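Just need the whole structure built from these sequences, with the hints factored in.
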Amino acid sequence: MSRFRERFSRLAGVAIVASMMSGPAVAGKFGIGTEATPEQVAGWDIDVRPDGQGLPEGAGTVGDGEAVFAERCAACHGDFAEGVDRWPVLAGGRDTLKSENPVKTVGSYWPYLSTVYDYIYRAMPFGDAQSLTPDETYAIVAYLLYMNDIVTDEEFVLSKENFASVRMPNEANFIDDDRPDTPLAGTQQPCMSDCKAEVKITKRAVIIDVTPEGEGPEGASVD
Amino acid sequence: MPMKSGDDGKLPRPSRRGFLKGGLAAGGLIAAAGGVRAESDPENLPPNVADWSRYLGPGVDAAPYGVPSEYESDVVRRSVEWLTASRESSINFTPLHDLDGIITPNGLCFERHHGGVAEVNPTDYRLMINGLVDKELVFTLDDLKRFPRENRIYFLECAANSGMEWRGAQLNGCQFTHGMIHNVMYTGVPLRYLLEEAGLKTNARWLMPEGGDSAGMNRSLPLEKALDDCMIAFKMNGEALRPEQGYPARLVVPGWEGNMWVKWIRRIEVGDEPWHAREETSKYTDLLADGRARRFTWVMDAKSVVTSPSPQAPITHGKGFTVLTGVAWSGRGRVTRVDVTIDGGRNWHQARIDGPSLDKSMHRFYYEFDWDGSDLLVQSRAYDETGYVQPTKDELRAVRGTNSIYHNNGIQTWHVKASGEVENVEIS
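Going down the list, the sequences are from chains A and B. Residues in the first sequence are numbered from 1 upward in steps of one, following the numbering used here. Residues in the second sequence are numbered from 1 upward in steps of one, following the numbering used here.
Hints are all accurate, no fakes.
Stretches of chain B that chain A covers, calculated by requiring three or more beta carbons in the stretch to come under 8 Å of a beta carbon on chain A:
1) 143-157
2) 261-273
3) 380-392
Lysine to aspartate or glutamate pairs mimicking EDC-like chemistry, simulated, CA-CA at most 16 Å apart:
4) A/Lys196 - B/Asp343
5) A/Lys200 - B/Asp394
6) B/Lys283 - A/Asp176
7) A/Lys200 - B/Asp343
8) B/Lys417 - B/Asp343
9) B/Lys283 - A/Asp177
10) B/Lys319 - B/Glu368
11) B/Lys145 - B/Asp124
12) B/Lys135 - A/Glu39
13) B/Lys135 - A/Glu35
14) A/Lys29 - B/Asp143
15) B/Lys235 - B/Glu150
16) A/Lys29 - B/Asp134
17) A/Lys160 - A/Asp135
18) A/Lys200 - B/Asp375
19) B/Lys417 - B/Asp372
Example chain B residues on the side facing chain A (calculated, C-beta under 8 Å, incomplete):
20) Thr84
21) Ala85
22) Glu136
23) Phe139
24) Thr285
25) Leu287
26) Arg292
27) Gly345
28) His415
These are computed hints drawn from the structure, not numbers from a lab. As the structure is a computational prediction, the values presented were derived from the model and not from experiment. Think of the CB as a built atom: it goes at the ideal place given N, C-alpha and C, for glycine as much as any other residue.
Now the structure itself:
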């Protein structure tokens, strides 16, 4: 009975909050699911945020990172993070983002360092995910900072303590979605008849014919 | 016939020379819509009686799980090998040119993996909710199936669909230019129920769904969207999710880019800020001409494409009455109208939408006309219920440049030649 009243008052309180800010609701009304143990959560909770939330204890130097990178990463990314074949280039590319061929690397493009840690730990090495130790991960991230000239000291140590203080060069160049960015039907009723005098073909796929069947030249990657 | 396909999943594109040489000249033998059409045997044609009219065929259970006719064997997903460095982090394409109606058959839904297909044992499947909740919870698959269910038909489009076409016409086939999309009926439970079960803290604003695959796919999802219409789905088109589509459970994020529809979902963390994961910073951000990049570009704008005629679906009957068809969709709601032109935009005609017109679902349209056998420049233009109208590719380039990769929803042009062959072009 008291449990019922407690739950009822909880729900009522939340309903008021929700109506004010259309925010979260609380319930648990179905009674389905099992409470997660701290050990279960710790084993799966691997994400890291820009403010450092989620970083484990640990540290690594640029030099440590160079060694780990050579062993675990270089087969695909190259000794100097330059990328092998079509595998991602991780360093360089500064001042290319406005060019015909932008090179989007950790240094030239990625806005937050936490993304590097989060992604490497969760998904790399490709095919052997979540096998790196926190120290190895810190070390690889430190090496990538060095290869991108974001740190210049070979003795630099990246750790949980100084991690959030590192800022990435391209952070300010991300903007929020401002679509729709083309005219809406309401503002410009599309023409239905006699809309243009002449139509010419300006581009043809057959000219660069890259549809699978033959050799594939370079094209925009979706990856 | 020049349109024979390989079993290797590679494009059975009619070579242009082959098409002209063996195509129309072969008259009645021509293949329709790129299919592997067996050669005609006069013994099957009236007044003769075909073997299948005379003798018993296979009995029930010949195929306990049914498969398409052997004559449809080239209706398959295909990939473009040069696009990606590996098969495990890659994509293939839905054969839109071979499909009709609005539902994509499960085995033809395009695949996009970042670490291969996770082969999850459903008995050991777990979905964890942690972070800013009153009670961190773990659900089994059986637990999920105890919540009230919903059935919803939604399109899922990869943000990179048509991404290879930013700089100009590149790939000959709507499978390749527009095939990173499928439209499926999902059965699942509203994500809201699971979050309410854990109890959201008042400062909860963002979720981080995370996949159980070897890429640990993670994205930031605003709580408002999660509470609005997101689902955890465990069925597609009535049967269990296919492994490549996230078996046994995936996230459904209606109208938003496919990358957010986390497959093999194993965990949802609740937080007060976004995570800025790799797939929403390094990837799935839209680089503009001035070097800035848009982030959190979630919604898929209205888009359409003519699926037949198209390069893989040439007109094979010569001049005369013909059916043009295509698909349209919008991440902002229902498609309200589709216009079609066959003269490169000089004149437009309102197409006929047939079949269900549902929120954030694919729509099927038709335009029937009498082809005089001359060259055509075919386009379609979709409108949605918000007043959005599909832009031209040049209108998009004028605002964004050509480095965006993602969110190319520009109007597609097909050039139908007098031979009936079709090529991907752009026009003035």
